[in-house]
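Going line by line, the protein sequences match chains A and B.
Just so you know, we're using full-length UniProt numbering here: the first sequence kicks off at 1 and counts up by one.
Just so you know, we're using full-length UniProt numbering here: the second sequence kicks off at 1 and counts up by one.
Derived from the structure by calculation, the hints contain no laboratory data.
Among the clues, some could well be false.
Same chains, same names: a pair is fine if it fits in one copy or spans any two.
Stated by the list, open to error - Below are the DSSO-like pairs computed for lysine-lysine, each with C-alpha atoms no more than 27 angstroms apart in a straight line:
no., residue 1, residue 2
1, LYS410, LYS4
2, LYS402, LYS284
3, LYS133, LYS402
4, LYS41, LYS28
5, LYS165, LYS428
6, LYS30, LYS41
7, LYS95, LYS133
8, LYS29, LYS79
9, LYS94, LYS79
10, LYS79, LYS410
11, LYS28, LYS402
12, LYS454, LYS324
13, LYS129, LYS64
14, LYS95, LYS79
15, LYS94, LYS129
16, LYS94, LYS133
17, LYS79, LYS255
18, LYS129, LYS95
Given the structure is predicted, the values throughout are model-derived calculations rather than measurements.
There are 2 protein chains.
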Amino acid sequence: MSEKIPYKIYLDENELPTSWYNVRADMKKKPAPLLNPGTGKPCTAEELSHVFCDELVKQELDDKTANIPIPAEIREFYKMYRPAPLVRAYCLEKKLGTPAKIYYKFEGNNTSGSHKLNSAIAQAYYAKKQGLKGVTTETGAGQWGTALSMACSYFDLDCQVYMVKVSYEQKPFRREVIRTYGAQITPSPSETTEVGRKILAEFPGTGGSLGCAISEAVEAATKQEGYRYVLGSVLNQVLLHQTVIGLETMTAMDKYGIKPDVIIGCAGGGSNLGGLISPFMGRKLRGEADYQFIAVEPASCPSLTRGSYVYDFCDTGHVCPLAKMYTLGSEFMPSPNHAGGLRYHGMSSILSQLYDDGLMEARSVEQTAVFEAAQAFARVEGILPAPESSHAIKVAIDEALKCKETGEEKTILFGLTGTGYFDMYAYKAFNDGTMSDYIPTDDEIAKSLAKTPKI
Amino acid sequence: MSEKIPYKIYLDENELPTSWYNVRADMKKKPAPLLNPGTGKPCTAEELSHVFCDELVKQELDDKTANIPIPAEIREFYKMYRPAPLVRAYCLEKKLGTPAKIYYKFEGNNTSGSHKLNSAIAQAYYAKKQGLKGVTTETGAGQWGTALSMACSYFDLDCQVYMVKVSYEQKPFRREVIRTYGAQITPSPSETTEVGRKILAEFPGTGGSLGCAISEAVEAATKQEGYRYVLGSVLNQVLLHQTVIGLETMTAMDKYGIKPDVIIGCAGGGSNLGGLISPFMGRKLRGEADYQFIAVEPASCPSLTRGSYVYDFCDTGHVCPLAKMYTLGSEFMPSPNHAGGLRYHGMSSILSQLYDDGLMEARSVEQTAVFEAAQAFARVEGILPAPESSHAIKVAIDEALKCKETGEEKTILFGLTGTGYFDMYAYKAFNDGTMSDYIPTDDEIAKSLAKTPKI
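The shape of chain A in the complex, shown without the other chains (with noise of 0.2 angstroms):
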């Protein structure tokens, strides 16, 4: 097709899809199994089936499946606030100068405020079905607690979030749009369970992190008759829904005869990236066409540029089951002047797999360069982006500009995962100029790593 493409691609209702596709269907090396810590064997559904809801267990273990059905309730859901628009970075290519056509998929026009509802209101939906009482789960930036807490909300469910202190603290304006949708709140480590009075009687005055809200998140839904836990990122399940992205991405895009070169997207525990990426990475393993796909990092938690391929604890005190993923350690701490999410240890064990099997690369950039890249796509693409999204923003821009200088007219395609609209005292130390870049030292991570356990 050649006619003009829209500053914004919106696909019609019944374009949206109707199935998640699972990736690990596609993939000849499967991700590594989930261990059960005591055993050393991989983890039951039964094992699981204590942690989260069954429909989601079965979920995380089907690597065979390549399309699930999205159930008739959650995609009404979606069409609350689904098609996320895919648009043409029109006033961006002009000011870079750039033959590049740049596209990006806007996850920010909800509440939440980025792509975490896409499966926030997946899982609550299971957990309704399944007729539990609520779900507990920890929130780090807010957006995750942001996104369970209107999930929860819709379904009537209840909904404690453990939010790590130091956020909690910093960002009282995200809790109280969690407040606002009825979620308890709980900054973390906290004396209302055991792993909280344990780590808070270690390390007493500690801003807590989301290793150890996970930790107390799973304890809570554990110990409480009709709760189950449930996690914003890194696992199979989450990544699963989160490919509603990527279709919708895939579709816009045939639709319009675009073919991506590069697909860039911001990698904390991945649920972004693996959402995004899916569909295309499931062509290039069928040999239907190939792309290069790039994860970008912070420099100052750079777990697939400098963390090992390992297994290792998924959260602080040590509940949760252990999982097979490129890490910088569970007890690795990024420095607390890196603004936003993007802060986890680990990363999901699909992306991992996928990584360490060469299909996807990985950078990682320093902060000060991503503040500058996110105030220069707001002031001519109007939208003020996430700190976690700019990660992708700078490595989108630096292919840009490696365009202008070849001449290349490549298509590049980035996951605009969210709006910053809560991160301003981020932003307000760039607009100060007191923003600083950390990097870790080998000997920190060599540290950290040396506490994975033996496997």
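Fit chain B to the known structure of chain A by using the hints.
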């Protein structure tokens, strides 16, 4: 047409309006002209051109031309964030159990978080075209300041924003968004202008007001070579630009054969309400269709429902022309406990005339009830509404509940002007149960009205 109405109707780019609609052309009684406070005579184009850009002066004074073409550059910018979706509130209808059909036009999907960008980009464009260096303005809640900083950054214009001091302090993050777009921002009243110094001398420690910030911005514009003043509401030109809201809505509704019975909008200065209703009002004025229009204002600042229709000062410092409008008197100060915008003492001359002619109704609503409506809406429709927009939600819900009683299947349309991400301190008060209502006494209003000029 009888095809199923989607959750969200997005027009195609080729269906977007190419002209703004000037409702004054179809009004039998024209809005009263601006008066020069010195001479008591209608302001001439020449007089106004010291304050406003030439092209905007033309638009301000033109009450004959019905359709005013939107320049191509502005239409290009509109495509970056428009069309705004027209949403069918299926979930809200279900929650209310009403036979009414509820639609809302959502203007919050852009970084300014509101409809304000529609006029900001137009005003910045004409300033650039005239070869100006920059513009000055005031902002209260901060939506307009954000929108203007975005528009100026796009056209590389200098932008100086006087922000009401109490908002400047209450909303540090709103301030940072404006800085991120490169604007200079000064808390008002300030020492940078004569009028500011005068007010500070008279009321040391004052938190400022919109009327005072307007005076400072106007002074700053007229004292700097190559600068003009721009305003985000009240003026005819602003309502004109905002008709993109109503025009898109009408096109979308016509396309699906939907006819609204009731059209509801919140009203501060009138920019959103005027923009939404103008094209429908045009049909009513031309006898082509009939609609019920409802302006919703806060009980704490009730210019339409409790003000007088007289000539009044537009600003505290009395540097602006006089406007005939429903007003509470230029010294009226809404209670500081009133959150968000909709704090201006007067109302657009166009809307004032339509209201006075009985073509539009008005209602005032109290703050706590507004936030109850906001929370209920957020929980089922997902979007976290701005306090301003929530006034319209409140009355839309009231109307839908009336339909539930009577069994009428009315079609209700309201304007959802923006998001509340930067108003979480107000949501916090609501969540904490510390929010209160305030209704000015008759005496307070009479006292303030006594100071309107004798014309």
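Here's how the hints hold up against the structure:
no.: 1; hint: LYS410 with LYS4; in the structure: within (18 angstroms within a copy, 40 angstroms between copies)
no.: 2; hint: LYS402 with LYS284; in the structure: within (24 angstroms within a copy, 57 angstroms between copies)
no.: 3; hint: LYS133 with LYS402; in the structure: neither (53 angstroms within a copy, 34 angstroms between copies)
no.: 4; hint: LYS41 with LYS28; in the structure: within (22 angstroms within a copy, 83 angstroms between copies)
no.: 5; hint: LYS165 with LYS428; in the structure: both (21 angstroms within a copy, 18 angstroms between copies)
no.: 6; hint: LYS30 with LYS41; in the structure: within (17 angstroms within a copy, 81 angstroms between copies)
no.: 7; hint: LYS95 with LYS133; in the structure: between (52 angstroms within a copy, 21 angstroms between copies)
no.: 8; hint: LYS29 with LYS79; in the structure: neither (35 angstroms within a copy, 44 angstroms between copies)
no.: 9; hint: LYS94 with LYS79; in the structure: between (33 angstroms within a copy, 15 angstroms between copies)
no.: 10; hint: LYS79 with LYS410; in the structure: between (32 angstroms within a copy, 24 angstroms between copies)
no.: 11; hint: LYS28 with LYS402; in the structure: neither (33 angstroms within a copy, 61 angstroms between copies)
no.: 12; hint: LYS454 with LYS324; in the structure: within (12 angstroms within a copy, 80 angstroms between copies)
no.: 13; hint: LYS129 with LYS64; in the structure: within (24 angstroms within a copy, 61 angstroms between copies)
no.: 14; hint: LYS95 with LYS79; in the structure: between (34 angstroms within a copy, 17 angstroms between copies)
no.: 15; hint: LYS94 with LYS129; in the structure: between (49 angstroms within a copy, 20 angstroms between copies)
no.: 16; hint: LYS94 with LYS133; in the structure: between (52 angstroms within a copy, 23 angstroms between copies)
no.: 17; hint: LYS79 with LYS255; in the structure: both (20 angstroms within a copy, 20 angstroms between copies)
no.: 18; hint: LYS129 with LYS95; in the structure: between (50 angstroms within a copy, 20 angstroms between copies)
Violated hints, in rising order: 3, 8, 11; the structure is consistent with all others.
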